[in-house]
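S.K.: Each chain, written out:
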Amino acid sequence: MTYTLAAGLAVVAALALDLVGLRTRLVLGRVFWLSYAITLFFQLLANGVLAGRGVVRYDPAAILGPRVAAAPVEDLAFGFALVLTTLAVWSRLGRTTTLDRKATLDR
Amino acid sequence: MGTVTYLAVLGGCLACALWLEPVLRVGVLRQWRRLALTLVPVAAGFLAWDVAAVAAGHWSFDGRQVVGVWLPGGLPVEEVLFFLVVPLCAILGFEAVRSVLARRGVLARRGVLARRGGPARRDQAAEPDGRRVTR
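Quick mapping for you: the protein sequence lines, in order, are chains A and B.
When you line the first sequence up against my numbering, it's residues 1 to 107, in that order.
When you line the second sequence up against my numbering, it's residues 1001 to 1135, in that order.
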């Protein structure tokens, strides 16, 4: 299995967790995407240093090749899966009222 | 930056996100049980992937840019911190957005007519004070 395949599977698994497993449905609302956009900005900064300076090095055979902020494009999928999984679990563990849930969906 | 390069990046992430706790009073760190119950399983899952990826040779770490504490599975200690710091920052950002939008919602509801009306709504959208008021 390549990093490309693993990252793709992680995104599918995270979406399944959010939509079906935990039913948090964050990807259907506005709050998740706004906060993901902010997180993504900082991920690109961190990736620029970690991959740019070679703290983490990637096997060219395990990735597609295109890079964003010095890191393989797969890192975007990796980061998305990490953030969505985290926020889905976090939201599930919270005391969400019906109103909160409705407000999240409305957004 | 030498051996602390990776640590410095993690410190930078924390510096960019931790201020949200006191300033926006998101109460993430205050809910430490919920936080631990989120971070531990998520970090465990992604660390398992990390170990498998290192074993498969998908990626490797530069020993000269980490502090030099290596864990079973060939991971530098920074990698464990990464899977605690990044999810924590994501949660802080998520709760900050939620908090800001909720406060805006309260303000909008106080002026329901202004919100529903066309011109008033445009005014509200263009209101630069909106962000300041919600603090």
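Worth double-checking, as some hints may not be accurate.
Okay, the calculated bits of chain B under chain A, using three or more residues with CB under 8 Å as the criterion [to be verified]:
no., region
1, 1051–1064
2, 1068–1074
3, 1080–1093
No lab work stands behind these hints, which were simulated from the structure alone.
These numbers were taken from a predicted model, which means no experiment stands behind them.
Ideal Cβ placement from N, Cα and C applies to all residues, glycine included.
S.K.: Now look at each hint and say whether the structure bears it out.
M.R.: Quick rundown of the hints versus the structure:
| no. | hint | result |
| --- | --- | --- |
| 1 | 1051–1064 | holds (count 8) |
| 2 | 1068–1074 | violated (count 0) |
| 3 | 1080–1093 | holds (count 7) |
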